[in-house]
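*Asks:* All chains should be built: construct the whole structure from the sequences, respecting the hints.
So the sequence lines, in the order shown, correspond to chains Z and X.
Mapping of the first sequence onto my numbering: position 174 corresponds to residue 174, and the numbering continues sequentially without gaps.
Mapping of the second sequence onto my numbering: position 124 corresponds to residue 124, and the numbering continues sequentially without gaps.
Straight-line distance between alpha carbons at most 20 Å, and here's what the computed EDC-like set of lysine to aspartate or glutamate pairs gives:
{"#": "1", "chain 1": "Z", "residue 1": "Lys143", "chain 2": "X", "residue 2": "Glu45"}
{"#": "2", "chain 1": "Z", "residue 1": "Lys172", "chain 2": "X", "residue 2": "Glu45"}
{"#": "3", "chain 1": "Z", "residue 1": "Lys142", "chain 2": "X", "residue 2": "Glu22"}
{"#": "4", "chain 1": "Z", "residue 1": "Lys172", "chain 2": "X", "residue 2": "Glu49"}
{"#": "5", "chain 1": "Z", "residue 1": "Lys100", "chain 2": "Z", "residue 2": "Asp110"}
{"#": "6", "chain 1": "Z", "residue 1": "Lys170", "chain 2": "X", "residue 2": "Glu45"}
{"#": "7", "chain 1": "X", "residue 1": "Lys295", "chain 2": "X", "residue 2": "Asp306"}
{"#": "8", "chain 1": "Z", "residue 1": "Lys139", "chain 2": "X", "residue 2": "Glu49"}
{"#": "9", "chain 1": "X", "residue 1": "Lys42", "chain 2": "Z", "residue 2": "Asp141"}
{"#": "10", "chain 1": "Z", "residue 1": "Lys170", "chain 2": "X", "residue 2": "Asp29"}
{"#": "11", "chain 1": "Z", "residue 1": "Lys139", "chain 2": "X", "residue 2": "Glu45"}
{"#": "12", "chain 1": "Z", "residue 1": "Lys172", "chain 2": "Z", "residue 2": "Glu228"}
{"#": "13", "chain 1": "X", "residue 1": "Lys296", "chain 2": "X", "residue 2": "Asp112"}
{"#": "14", "chain 1": "Z", "residue 1": "Lys139", "chain 2": "X", "residue 2": "Glu22"}
{"#": "15", "chain 1": "Z", "residue 1": "Lys142", "chain 2": "X", "residue 2": "Glu45"}
{"#": "16", "chain 1": "Z", "residue 1": "Lys170", "chain 2": "X", "residue 2": "Glu49"}
{"#": "17", "chain 1": "Z", "residue 1": "Lys143", "chain 2": "X", "residue 2": "Glu22"}
Because the hints were derived from the structure by calculation, they are not lab data.
Since the model is a prediction, treat every value here as computed from it, not as a measurement.
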Amino acid sequence: MPSANTLSPTAELKSLTRDLRVDIIRMIEAAGSGHPGGSLSVIDLLAALYTRSLKHRPKEPGWPDRDRLILSKGHGCPALYAVMAHEGYFPKSELMSLRKLGSPLQGHPDRMRLPGIEASTGSLGQGLSIALGIALAAKLDKKDYRTWCIMGDGEMQEGQVWEAAMAAPKFKLGNLTAIVDLNNGQIDGHVKEIMDLDPIEDKFKSFRWRTRVIDGHDFDQILPALEEAKKPSDVPLAILARTVKGKGVSFMENVIDWHGKAPTKEEADRAVAEIQKNG
Amino acid sequence: MAKATRQSFGEALLEYGAAHPEVVVLDADLSKSTMTLAFAKKFPERHFEFGIAEANMIGAAAGLAMCGKVPVATSFACFLIGRYETIRVSAAYNQTNVKLVGTHAGIGIGDDGTSQMGLEDVGAMRSLPHVTILQPADDVETRQAVTWMLQHKGAVYIRLTRQKVPDLHGADYKFQVGVCDRVFEPSKRPAKLQATVFASGGTVGEAVAAAKDLESRGFAVRVMNAGTILPFDAEAALRCAAESQRIVTVEDHNVTGGLGSAVCEALAGRGCAVPVVRLGVTDFGESGSGEELYKKYGISAEHIADACLRNL
Numbered sequence: 001m002p003s004a005n006t007l008s009p010t011a012e013l014k015s016l017t018r019d020l021r022v023d024i025i026r027m028i029e030a031a032g033s034g035h036p037g038g039s040l041s042v043i044d045l046l047a048a049l050y051t052r053s054l055k056h057r058p059k060e061p062g063w064p065d066r067d068r069l070i071l072s073k074g075h076g077c078p079a080l081y082a083v084m085a086h087e088g089y090f091p092k093s094e095l096m097s098l099r100k101l102g103s104p105l106q107g108h109p110d111r112m113r114l115p116g117i118e119a120s121t122g123s124l125g126q127g128l129s130i131a132l133g134i135a136l137a138a139k140l141d142k143k144d145y146r147t148w149c150i151m152g153d154g155e156m157q158e159g160q161v162w163e164a165a166m167a168a169p170k171f172k173l174g175n176l177t178a179i180v181d182l183n184n185g186q187i188d189g190h191v192k193e194i195m196d197l198d199p200i201e202d203k204f205k206s207f208r209w210r211t212r213v214i215d216g217h218d219f220d221q222i223l224p225a226l227e228e229a230k231k232p233s234d235v236p237l238a239i240l241a242r243t244v245k246g247k248g249v250s251f252m253e254n255v256i257d258w259h260g261k262a263p264t265k266e267e268a269d270r271a272v273a274e275i276q277k278n279g
Numbered sequence: 001m002a003k004a005t006r007q008s009f010g011e012a013l014l015e016y017g018a019a020h021p022e023v024v025v026l027d028a029d030l031s032k033s034t035m036t037l038a039f040a041k042k043f044p045e046r047h048f049e050f051g052i053a054e055a056n057m058i059g060a061a062a063g064l065a066m067c068g069k070v071p072v073a074t075s076f077a078c079f080l081i082g083r084y085e086t087i088r089v090s091a092a093y094n095q096t097n098v099k100l101v102g103t104h105a106g107i108g109i110g111d112d113g114t115s116q117m118g119l120e121d122v123g124a125m126r127s128l129p130h131v132t133i134l135q136p137a138d139d140v141e142t143r144q145a146v147t148w149m150l151q152h153k154g155a156v157y158i159r160l161t162r163q164k165v166p167d168l169h170g171a172d173y174k175f176q177v178g179v180c181d182r183v184f185e186p187s188k189r190p191a192k193l194q195a196t197v198f199a200s201g202g203t204v205g206e207a208v209a210a211a212k213d214l215e216s217r218g219f220a221v222r223v224m225n226a227g228t229i230l231p232f233d234a235e236a237a238l239r240c241a242a243e244s245q246r247i248v249t250v251e252d253h254n255v256t257g258g259l260g261s262a263v264c265e266a267l268a269g270r271g272c273a274v275p276v277v278r279l280g281v282t283d284f285g286e287s288g289s290g291e292e293l294y295k296k297y298g299i300s301a302e303h304i305a306d307a308c309l310r311n312l
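*Replies:* Here's what the structure looks like:
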């Protein structure tokens with residue numbers, strides 16, 4: 001058995017995301033509302049980004065040379081908060097204030113209330129445009145920070161996303177990476193039934209993006225994709241991550257009702273026990 | 001010399017932008033109409049053409065602002081306000097330093113007709129926190145308002161005319177945000193003025209013409225210019241109300257939600273019971289010349305004069 005400090009990056013991330021999944025469940029349980037499905041689908045991507053890829057300083061969130069990450073699917077913010085707390089942006093004890101009056105942990109991310117949040121989001125479809133503007137500014141200032149934008153698959157139904165997708169290659173924004181959390185769930189049902197996006201890779205390719213399709217829960221696929229994003233290029237990269245909504249909690253996985261519902265105490269206990277057992 | 005305020009904006013932008021590299025300009029296929037083309041030609045590296053995709057342009061402007069740029073995003077007023085949700089969340093809720101420039105305000109644009117007329121933009125923008133709304137009346141004021149906008153830290157919406165407007169301010173005019181200025185005062189002051197007219201943008205010249213006409217007929221009417229619509233100069237409204245038998249407001253915008261509403265809110269909130277006659281557009285517009293439309297839709301000098309005199 002390898003000791004903890006010799007764990008492979010993949011094993012370390014698996015261990016970490018087990019804890020973060022527990023945080024997500026407990027936060028949403030305490031809040032009494034929130035979005036477990038899309039938080040659990042995106043947590044592996046966020047954990048890999050924050051611990052292995054992003055250039056950032058949790059104690060200096062305004063550091064001018066930091067990479068910028070925009071969670072355009074703002075409802076997945078319990079996952080973002082859990083990772084940020086782990087990285088030291090704020091004390092872990094604050095996680096339980098999610099959605100409470102006066103909390104910096106708003107129901108959707110608010111950059112004016114929580115340092116480290118790059119953009120206030122939650123109205124789906126807007127994040128990629130903001131990210132594009134940030135990437136343009138980096139080019140103008142000849143800075144080498146990268147801009148990352150995480151979107152949901154349901155979000156891709158918004159027209160503004162495709163306005164931005166059309167514009168990013170025109171402006172040669174190789175410093176911009178879009179990550180799509182393809183968990184195939186949205187409020188009214190499965191994405192495939194509500195408004196099918198496939199072939200999503202062809203769409204990005206036809207908009208002149210580089211693409212990479214990965215399993216969004218397999219760190220052996222996530223980490224190389226994040227490395228690829230850092231390679232110099234004039235062409236933006238879309239990482240299309242196939243994920244499972246509610247990943248890690250069997251009774252939530254692929255169940256549409258868990259898009260935006262808080263677990264009861266009993267359900268949360270069951271979920272946590274399962275995460276800890278299987279992790 | 002009569003000049004469209006969009007033209008004055010383009011000139012002021014070019015001048016200010018030359019000395020301020022943080023200024024960047026974003027367009028949505030209308031740079032020839034919003035008058036940013038000169039800036040685009042002179043500073044191509046600081047000009048971004050987004051094509052006919054205003055929502056993305058506004059969102060990108062927010063991103064640029066987050067990185068210390070002073071982004072100036074332009075289109076027709078109606079097309080900007082059509083992307084209200086992006087303005088609301090990306091620009092306003094994020095408390096960015098985005099400058100939104102809406103040209104082709106109101107029925108004054110004339111021939112192109114309703115779909116190109118910004119008629120509800122002020123009403124919608126007035127309900128957004130963290131946004132200042134400017135509507136300068138002539139060349140002198142527009143240049144100063146544009147410079148103020150570019151220096152100010154915070155989101156600004158400026159509304160500009162397609163049509164030429166007459167000069168109303170002297171070279172010594174000093175634009176002050178949030179302050180209404182007097183552009184016409186009758187030479188003879190009775191105990192109470194017949195009326196004070198509050199106008200903004202394309203209607204200020206009409207109001208001055210009406211006041212001059214009324215003066216020749218023996219009526220004393222003052223004209224106040226609202227170069228800033230939000231925050232509105234409530235003190236000016238109260239002061240004028242105390243000195244006038246009535247207040248008349250006139251705007252090239254829907255009669256609901258704009259200048260007239262701002263004046264009424266200011267007065268009612270202070271318990272001021274002076275009658276207010278609001279002139280503005282009550283329907284969509286149509287094609288025709290700007291002058292014809294001002295007459296047909298009741299915001300021309302003749303209608304303003306009538307509103308100052310008619311029995312209430």
